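Q: With the hints as your guide, set chain Y onto chain X.
2 protein chains.
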Amino acid sequence: MSNTNPARGMRDFLPVDVRKREYVINIIKEVYESYGFEPLETPAVENIETLMGKYGEEGNRLIFKILKRGEHEKTGAADLALRYDLTVPLARVAANYKNDLPKFFKRYQIQPVWRADRPARGRFREFYQCDVDAIGSGSMLVEAELCAAASEILQKLGFDDFIIRINHREILRGMLNAVGIADEKQADALVAIDKLDKIGKDGVLKEFAGRETSEQAGIKLLDLFARLAAIGNINTISTLSEFIGEDEEARAGLDDLKQILEFTNLENIKIDASLARGLSYYTGAIFEINVPDLAGSLGGGGRYDALIGMFGKEEIPACGFSLGLERIVFVMDERNMFPADLQNSSADVLVTIWNKETIAESVQLANDLRSQGLRVLLYPEADKLGKQFKYADSINVPFVCILGETELTTNKVTLKNMETGEQETIERGQASEKIKK
Amino acid sequence: MSNTNPARGMRDFLPVDVRKREYVINIIKEVYESYGFEPLETPAVENIETLMGKYGEEGNRLIFKILKRGEHEKTGAADLALRYDLTVPLARVAANYKNDLPKFFKRYQIQPVWRADRPARGRFREFYQCDVDAIGSGSMLVEAELCAAASEILQKLGFDDFIIRINHREILRGMLNAVGIADEKQADALVAIDKLDKIGKDGVLKEFAGRETSEQAGIKLLDLFARLAAIGNINTISTLSEFIGEDEEARAGLDDLKQILEFTNLENIKIDASLARGLSYYTGAIFEINVPDLAGSLGGGGRYDALIGMFGKEEIPACGFSLGLERIVFVMDERNMFPADLQNSSADVLVTIWNKETIAESVQLANDLRSQGLRVLLYPEADKLGKQFKYADSINVPFVCILGETELTTNKVTLKNMETGEQETIERGQASEKIKK
Numbered sequence: 008m009s010n011t012n013p014a015r016g017m018r019d020f021l022p023v024d025v026r027k028r029e030y031v032i033n034i035i036k037e038v039y040e041s042y043g044f045e046p047l048e049t050p051a052v053e054n055i056e057t058l059m060g061k062y063g064e065e066g067n068r069l070i071f072k073i074l075k076r077g078e079h080e081k082t083g084a085a086d087l088a089l090r091y092d093l094t095v096p097l098a099r100v101a102a103n104y105k106n107d108l109p110k111f112f113k114r115y116q117i118q119p120v121w122r123a124d125r126p127a128r129g130r131f132r133e134f135y136q137c138d139v140d141a142i143g144s145g146s147m148l149v150e151a152e153l154c155a156a157a158s159e160i161l162q163k164l165g166f167d168d169f170i171i172r173i174n175h176r177e178i179l180r181g182m183l184n185a186v187g188i189a190d191e192k193q194a195d196a197l198v199a200i201d202k203l204d205k206i207g208k209d210g211v212l213k214e215f216a217g218r219e220t221s222e223q224a225g226i227k228l229l230d231l232f233a234r235l236a237a238i239g240n241i242n243t244i245s246t247l248s249e250f251i252g253e254d255e256e257a258r259a260g261l262d263d264l265k266q267i268l269e270f271t272n273l274e275n276i277k278i279d280a281s282l283a284r285g286l287s288y289y290t291g292a293i294f295e296i297n298v299p300d301l302a303g304s305l306g307g308g309g310r311y312d313a314l315i316g317m318f319g320k321e322e323i324p325a326c327g328f329s330l331g332l333e334r335i336v337f338v339m340d341e342r343n344m345f346p347a348d349l350q351n352s353s354a355d356v357l358v359t360i361w362n363k364e365t366i367a368e369s370v371q372l373a374n375d376l377r378s379q380g381l382r383v384l385l386y387p388e389a390d391k392l393g394k395q396f397k398y399a400d401s402i403n404v405p406f407v408c409i410l411g412e413t414e415l416t417t418n419k420v421t422l423k424n425m426e427t428g429e430q431e432t433i434e435r436g437q438a439s440e441k442i443k444k
Numbered sequence: 008m009s010n011t012n013p014a015r016g017m018r019d020f021l022p023v024d025v026r027k028r029e030y031v032i033n034i035i036k037e038v039y040e041s042y043g044f045e046p047l048e049t050p051a052v053e054n055i056e057t058l059m060g061k062y063g064e065e066g067n068r069l070i071f072k073i074l075k076r077g078e079h080e081k082t083g084a085a086d087l088a089l090r091y092d093l094t095v096p097l098a099r100v101a102a103n104y105k106n107d108l109p110k111f112f113k114r115y116q117i118q119p120v121w122r123a124d125r126p127a128r129g130r131f132r133e134f135y136q137c138d139v140d141a142i143g144s145g146s147m148l149v150e151a152e153l154c155a156a157a158s159e160i161l162q163k164l165g166f167d168d169f170i171i172r173i174n175h176r177e178i179l180r181g182m183l184n185a186v187g188i189a190d191e192k193q194a195d196a197l198v199a200i201d202k203l204d205k206i207g208k209d210g211v212l213k214e215f216a217g218r219e220t221s222e223q224a225g226i227k228l229l230d231l232f233a234r235l236a237a238i239g240n241i242n243t244i245s246t247l248s249e250f251i252g253e254d255e256e257a258r259a260g261l262d263d264l265k266q267i268l269e270f271t272n273l274e275n276i277k278i279d280a281s282l283a284r285g286l287s288y289y290t291g292a293i294f295e296i297n298v299p300d301l302a303g304s305l306g307g308g309g310r311y312d313a314l315i316g317m318f319g320k321e322e323i324p325a326c327g328f329s330l331g332l333e334r335i336v337f338v339m340d341e342r343n344m345f346p347a348d349l350q351n352s353s354a355d356v357l358v359t360i361w362n363k364e365t366i367a368e369s370v371q372l373a374n375d376l377r378s379q380g381l382r383v384l385l386y387p388e389a390d391k392l393g394k395q396f397k398y399a400d401s402i403n404v405p406f407v408c409i410l411g412e413t414e415l416t417t418n419k420v421t422l423k424n425m426e427t428g429e430q431e432t433i434e435r436g437q438a439s440e441k442i443k444k
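Heads up: the protein sequence lines correspond to chains X and Y, in order. Numbers 8 to 444, taken from this note's numbering, label the letters of the first sequence in order. Numbers 8 to 444, taken from this note's numbering, label the letters of the second sequence in order.
This is chain X alone, in the form it adopts within the complex:
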């Protein structure tokens, strides 16, 4: 007997779990398709060079690497790796099939990714990302559509209390410049700011001090964030405009955010100057969706105009948004947001077996019921009728269709309603209609 658990940080999804996940995935697909996004799938395994160096230092460390095979296995070297996200594979695809893809390529992709993170409550080593990206345009209409589509998905799932926070890498850079943080220290400073929610103000200040950025700069930034927290988007823009001064790229970033706000009619979108996002490939607007009862985000994304250029001959502007399936399912479970019928039995009716000689007749009845659109479980063997009922009960199947000695000679069936216990003997042809009712 061996260890039968899934590998550490990974999960098995039993039928009711799969149904919940598919319920969410289907709504995501439906909304993304209504915006003209098309499905894409890429392999789980990528050449290791494709992934390394795209996610920053921490990302590199968390990549699962695959050993070379055959005689090379003993070198201990890796040539392949499991994908870490869906954005880098998309950038590779956009460069590789440039001539086959439309000028503006809008794709969605719903697949698992793998990260060798320390497993924790709600943090897994295999999890699904539901990504949507638009490639080929630098227009802020792209950002606006991504936010609108993500928002529509959450609404359709039943969320009414989420907030989309938006910010911009150029504004962040402008703010860091304004408090005197040198270019080469800015990546570290962003990592610190990114943790504000988790480690609090004191934590951020410690990180600033520890990373040899000035603590004074940190205090100025935290003070700015505090001032912005309570004011609306319009006042946030004017306050930020003052803070960043004449920095042209940062001002252009502010203009980007103004346009995004103009192009959506979302009420729950909020500029948050402290939003940093961890990944190193973002170049423009960034966003994140949060609900009050979850520490992390339900999703996030941003513009990454330089990533495709790392694979292809030319830079192609791109922007994307990723929803986290696990977190959405987790919150929906906690809040009891799934439709009740997802929990129901996998079958509409169980057909019984009378004895070994009559199996073929039960097979025929089951097939007839299936051809009328029912999901039919056939008891797999000749057994006492009581056992067959007990099994039907254990799986919550609503009806049992009994084909016993009398029924076999009269071409009838006895239909038992498992909830009420009532049973009646009827013509075979009537069974499916009674069950559907």
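These are computed hints drawn from the structure, not numbers from a lab. Just so you know, not all the hints are guaranteed correct.
For chains that are exact copies, the list does not tell them apart, and a pair is met inside one copy or across any two.
Claimed, not checked - Below 30 angstroms or equal to it, Euclidean Cα-Cα: the simulated BS3-like pairs (lysine-lysine) are: (1) K110 x K419; (2) K397 x K110; (3) K110 x K441; (4) K208 x K163; (5) K105 x K394; (6) K394 x K72.
Computed from a predicted model, the values in this text were never measured in an experiment.
A: Chain Y alone, transformed into the frame defined by chain X:
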């Protein structure tokens, strides 16, 4: 610029490919659910001990292994691996959740598996298996249902020329005994027989000779197979019955096959005594589905009553069938079996942008059309109208909805049919109906 191809033996699926795959997957799901099978998903990554030693020698060699992480990476050792099939993970699940699963557990699972095989035409290192398994019963009704469900799927996909070949590991053992092959040589002999289709009679005889099994035994077997090729199931059973003599287990195997035939009303099911199946975990009936224009099979499976016992405390009977998504899609593509509308554009209509000042109005129009059930592409930026038409043309979108200067002031839209070239100016509210027609 770096290598932008997918890793060797792996593939990217562009939108039209994904749609074809989903078309097949949806029919598979629908049929399996009508038989009362429930969805299961397991992680791509398993503990390496879970997989090793379950597939025979060749299987072991083809497993992708994942390097340990952090400070252990430099040891070159692997602790995890990519799943090689969906059957072993199911056996692990069946043992692990024994108390949560129903007495008879019928599950389907449609997920990718990975094998470090030498890539070739139609052979990939990542491919999808569509598995269906019934756990908990030794009844041949299980085998019969699996064959019937697989058959129904292929019919619904449009196949009318497939054959289900069935055989039995105990009959194979009985035949090998009858020609005098010792127990310890039988696994090798099965591997040789399994290749009959690929390497022909001479090839099989060579393998017999090379593996120190008697060539004479090989000749007797090949002669038997030749005699059986042209006769029906009933004569096959009597010929085999004679060949295996008094071997009780082999005779029970023959009884199993007789029952499978009795419990299905399939006309295209054929006993094939030369069918061996590669995997080592089969213990009873085995099956395979073939079409004339494909060298390999579209799917196959069998009974594996001992596998779950390798994980759990007790042996639990089980039987499964696996359809190969790639091969089904390949043959359907070759035969042009996919519905034409899978090739269509991903959107029903493209909404144009007049200029930078009117973007928000186009957004509103796109949202209105979406709320009426249409898939709407919004051109992402202000651009010459000619360019917007050219883009619409390149992606084969059937309608363009123009919101120009006049339309904006009159609250109308101009709808252009991209196929006929006709265009008419209509009330905004009428647009969705016209497009749906």
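Q: Would you mind marking each hint as holding or not holding in the structure?
A: Do the hints match the structure? See the list:
{"no.": "1", "hint": "K110 x K419", "verdict": "between (63 angstroms within a copy, 28 angstroms between copies)"}
{"no.": "2", "hint": "K397 x K110", "verdict": "between (60 angstroms within a copy, 10 angstroms between copies)"}
{"no.": "3", "hint": "K110 x K441", "verdict": "between (54 angstroms within a copy, 27 angstroms between copies)"}
{"no.": "4", "hint": "K208 x K163", "verdict": "neither (36 angstroms within a copy, 61 angstroms between copies)"}
{"no.": "5", "hint": "K105 x K394", "verdict": "between (61 angstroms within a copy, 19 angstroms between copies)"}
{"no.": "6", "hint": "K394 x K72", "verdict": "neither (50 angstroms within a copy, 45 angstroms between copies)"}
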